[in-house]
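Just need the whole structure built from these sequences, with the hints factored in.
This is what each chain is made of:
Protein chains: 2
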Amino acid sequence: MGQFQSRREYLDALELRAGLPEGFRRAVASLHFTAPEMGAPDPMKMNLAAVVSDEPLFSFAGVFTKNRFPGAPVLLARERVRGERAQAILVNNKVANVGAPQGIADAEQVLKAFGDHLEIDPQLVIPASTGVIGWSLPVREMRQALPALCSDLHDGSLLPVAQAIMTTDAYPKVRSIELGSGRIVGIAKGAGMIEPNLATLLAFFLTDLEIPRYTMQSLLRDTCEASFNRISIDGDQSTSDMALMLSSGRRPAVAEHELQAAMIGIARGLADDIVRNGEGTGHVIRVVVEHARAEREAVILGKAVINSPLVKAAIFGNDPNVGRIAAAVGDCAGNHDIALDPGYLSIAIADEQVLAGGRFLLDSSKERRLSAYLKRSALRTETLGYPEHDQNVEITVSCGVGAFRAEVLGSDLSYEYVRENADYRS
Amino acid sequence: MGQFQSRREYLDALELRAGLPEGFRRAVASLHFTAPEMGAPDPMKMNLAAVVSDEPLFSFAGVFTKNRFPGAPVLLARERVRGERAQAILVNNKVANVGAPQGIADAEQVLKAFGDHLEIDPQLVIPASTGVIGWSLPVREMRQALPALCSDLHDGSLLPVAQAIMTTDAYPKVRSIELGSGRIVGIAKGAGMIEPNLATLLAFFLTDLEIPRYTMQSLLRDTCEASFNRISIDGDQSTSDMALMLSSGRRPAVAEHELQAAMIGIARGLADDIVRNGEGTGHVIRVVVEHARAEREAVILGKAVINSPLVKAAIFGNDPNVGRIAAAVGDCAGNHDIALDPGYLSIAIADEQVLAGGRFLLDSSKERRLSAYLKRSALRTETLGYPEHDQNVEITVSCGVGAFRAEVLGSDLSYEYVRENADYRS
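From first to last, the protein sequence lines stand for chains A and B. Going by numbering that gives the first Met the number 0, 181 is the number at position 182 of the first sequence; the sequence numbering is gapless. Going by numbering that gives the first Met the number 0, 223 is the number at position 224 of the second sequence; the sequence numbering is gapless.
Because the hints were derived from the structure by calculation, they are not lab data. Treat the hints loosely; a few may be bogus.
Pairs of lysine-lysine residues, derived as DSS-like cross-links and limited to a Cα-Cα distance of at most 27 Å, are as follows [unchecked claim]:
{"no.": "1", "chain 1": "A", "residue 1": "44", "chain 2": "B", "residue 2": "365"}
{"no.": "2", "chain 1": "A", "residue 1": "111", "chain 2": "A", "residue 2": "44"}
{"no.": "3", "chain 1": "B", "residue 1": "44", "chain 2": "B", "residue 2": "111"}
{"no.": "4", "chain 1": "A", "residue 1": "365", "chain 2": "B", "residue 2": "44"}
FRET-style restraints, in silico, Cβ to Cβ [claimed, not checked]:
{"no.": "5", "chain 1": "B", "residue 1": "65", "chain 2": "A", "residue 2": "140", "range": "48 to 56 Å"}
{"no.": "6", "chain 1": "A", "residue 1": "294", "chain 2": "B", "residue 2": "356", "range": "50 to 58 Å"}
{"no.": "7", "chain 1": "B", "residue 1": "352", "chain 2": "A", "residue 2": "294", "range": "42 to 50 Å"}
{"no.": "8", "chain 1": "B", "residue 1": "295", "chain 2": "A", "residue 2": "293", "range": "47 to 55 Å"}
{"no.": "9", "chain 1": "A", "residue 1": "153", "chain 2": "B", "residue 2": "294", "range": "50 to 58 Å"}
{"no.": "10", "chain 1": "B", "residue 1": "220", "chain 2": "A", "residue 2": "292", "range": "24 to 32 Å"}
{"no.": "11", "chain 1": "B", "residue 1": "293", "chain 2": "A", "residue 2": "294", "range": "24 to 32 Å"}
{"no.": "12", "chain 1": "B", "residue 1": "212", "chain 2": "A", "residue 2": "220", "range": "24 to 32 Å"}
{"no.": "13", "chain 1": "B", "residue 1": "352", "chain 2": "A", "residue 2": "334", "range": "28 to 36 Å"}
{"no.": "14", "chain 1": "A", "residue 1": "335", "chain 2": "B", "residue 2": "356", "range": "29 to 37 Å"}
{"no.": "15", "chain 1": "A", "residue 1": "355", "chain 2": "B", "residue 2": "220", "range": "49 to 57 Å"}
{"no.": "16", "chain 1": "B", "residue 1": "212", "chain 2": "A", "residue 2": "351", "range": "23 to 31 Å"}
{"no.": "17", "chain 1": "A", "residue 1": "390", "chain 2": "B", "residue 2": "151", "range": "48 to 56 Å"}
{"no.": "18", "chain 1": "B", "residue 1": "293", "chain 2": "A", "residue 2": "364", "range": "50 to 58 Å"}
All of these numbers come straight from a predicted model, not from anything done at the bench. All C-beta atoms, glycine included, are put in the ideal place defined by N, C-alpha and C.
Take a look at the structure:
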């Protein structure tokens, strides 16, 4: 992973990295609205962004939140992804359109107006929204902004869209790869549930490589499973999460395993950017669980470690608290009936073995070394605007019962996290 | 629930409340030890406490942590609870004896010496420990303290034991009830995982009421399920949690349903004390989930709300953030395949309906009222030493799909929580 020296350098790299695959254009616009009755005190700014294909596509896929209280755009997008064709994605930030009185009708009005402008069947436009839960879309203002949006369609870079969909994100997130004679570009937004109700993870993948539709759906599902589903900022899955993929099919297909590896590579890069994004994040924690009975069990154990408030708070405080890691692993194994032999359990932090055969291997000089390691691994606030690097806290848990492994990524629990999540209205 | 005016008044009430049932005596002693090789810088103080029956008992029960990395005392106690008889509980604070190199042998040495002093078969002594994970018991110092402990056996009040087992607890926890011609007294320690590795929940119930042994085991299990298993400070289950019950059988039996109700009443009171205990706790949150398909599902949904860092941080900030509650419920239902109809989902905070039929019912004046309610419901630090009262944040979630309900109790997420869990070694 490259390390950038300045935000300018990072954005320049992203501009190139976000080059659109053949057959797509993009547009962005912004608007202002007021919503005093919803408790929004000042005029708010919303961004609208669109990705449009030159013609209706037959190859597209979507993966959606499993949250049982999904937003209107999720319900509509799910329906459209089951349709025969798709041609555009229309996305807004600021208002998630979840639990709003006329959520579906509002979204459909905006989609229809957008389709009319571009002479695209509104059924082929997939909506996505991110922002505050419970507020209604400012339909009138959004419709007024559509002419400006639709006159902004460009080739070139997808970076403006990656920027437009940001909410509390500290920086835009773009990853791409050249593959065969084509390319895949992915963008995402998400910063953990750091700002109230702005939880959403949105990810869009565009490619010009030919991919059969039925293949794409399972590729995208497996990609999300191996990337976004292995990170956790605070354990919550939002009402609006979605990943979409569109292919223009202009370039010949490549082997499926190459495609899968490329997509996972892009998505893992985006997932890494998301974890590293949070202003409240002091350390990025990578937990590798190995010698597990099944990959699924390794993922669950790893997530138990990165979701444990006690482990997270200890790492924030540069405290190599092995007891909490062991307790989190043991608790999770007990609750989920996961195979674990305490007599073979071992744990390492960085390259120091801290528990082996179920016994702690700690002394005061090792603790001092580990505390210094945690201090060195803290993120530096001055680089938060161009964050790509390998500065993780590395924790390895070996279950001693099998041959499977998994990696998960999470963040620590800081004062800043509490402040950002507690104080926004006071 | 009574509200006390001072710590003195609270302790006086506890002294009476903790009156020992017939047939039991108790003892406490303390000792000092050093453990520089384990990173403990100063001489540490440990309390030892014992509950002893006048003769071997045939009626006793134990419920233990499901953590797969349990401490040596849990392993030994599990074994002893399966035995034919029991006569005493020996408990220490400060060192949990989890993952220590010779944990089992160390504990057995102490039990044997204790048994020898009192001429009790050591197999009839049930051990319990709470404290730091990874450290070894100071066996020599503990053995030296046994003569003082064993010469302190008293009738009267169990309060000194409730005090001796405290670690980060802000106050001792005692609940009791008169039933038939006998009584039940319960004590507990636990303050959430607020101090590093001092996670443990210990609960001991003593009674003189005759209870058949096989009945007692299931009564105790159901009691824990309906009380301690419905609270959550931070979602972690410790390596050392245990609940034990002993009956001297000196008084005639009462009806089983009365007994169960009495035990649940005591255990819920103790559980309430534990949640209310944390120095880091700004608000106690009670979530009632109703109209669920099954009680088990209601419990899981309720715990998802009180374990959501976003909900907890919002309540700390007196922010009535309904979107986060709805998102936590929806996320949990999706992940656990729990029946929930978004079209019937409703949520209330105190007596204000904030979501009904899947739609938010919010306006700025309601938000102001709710924020004022949250401010009023904050715990007052000056009463932390005598905390019993009904000052909860009340959240009601109605699933609209069935007839079952459950209550769970949790705490908010505060700066103080992070500070206490991050800064202890720095």
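The hints, checked one at a time:
With a C-alpha separation of about 25 Å, the suggested pairing of residue 44 (chain A) with residue 365 (chain B) holds against the 27 Å cut-off. Between residue 111 (chain A) and residue 44 (chain A) the alpha-carbon distance is near 22 Å, which keeps this suggested pair within the 27 Å criterion. Between residue 44 (chain B) and residue 111 (chain B), the direct Cα distance comes to roughly 22 Å. Compliance with the 27 Å bound is thereby established for this hinted pair. Between the alpha carbons of residue 365 (chain A) and residue 44 (chain B) the distance comes to roughly 25 Å, so the proposed pair stays at or under 27 Å and holds.
A hinted range of 48 to 56 Å for the beta carbons of residue 65 (chain B) and residue 140 (chain A) is consistent with their spacing of about 54 Å. Our hint of 50 to 58 Å for residue 294 (chain A) and residue 356 (chain B) is violated, since their Cβ atoms are close to 41 Å apart. About 44 Å separates the C-beta atoms of residue 352 (chain B) and residue 294 (chain A), a value consistent with the hinted range of 42 to 50 Å. The hinted window of 47 to 55 Å between residue 295 (chain B) and residue 293 (chain A) is violated, with their beta carbons roughly 25 Å apart.
Look at residue 153 (chain A) against residue 294 (chain B): about 57 Å separates their beta carbons, and that is inside 50 to 58 Å. Taken as a hint, the range 24 to 32 Å holds for the pair residue 220 (chain B) and residue 292 (chain A), whose Cβ atoms sit roughly 28 Å apart. Between residue 293 (chain B) and residue 294 (chain A) the beta carbon distance is about 30 Å. The supplied range of 24 to 32 Å therefore holds. A hinted range of 24 to 32 Å is violated for the C-beta pair residue 212 (chain B) and residue 220 (chain A), which are about 52 Å apart.
With their beta carbons about 34 Å apart, residue 352 (chain B) and residue 334 (chain A) fall inside the hinted range of 28 to 36 Å. Between residue 335 (chain A) and residue 356 (chain B) the beta carbon distance is about 34 Å. The supplied range of 29 to 37 Å therefore holds. Taken as a hint, the range 49 to 57 Å is violated for the pair residue 355 (chain A) and residue 220 (chain B), whose Cβ atoms sit roughly 34 Å apart. For the hinted restraint 23 to 31 Å between residue 212 (chain B) and residue 351 (chain A), the CB-CB distance of approximately 48 Å leaves it violated.
Here the CB-CB span from residue 390 (chain A) to residue 151 (chain B) is close to 55 Å, well matched to the stated 48 to 56 Å. Taken as a hint, the range 50 to 58 Å holds for the pair residue 293 (chain B) and residue 364 (chain A), whose Cβ atoms sit roughly 53 Å apart.
The structure fails to meet hints 6, 8, 12, 15 and 16 from the earlier list, while all remaining hints are met.
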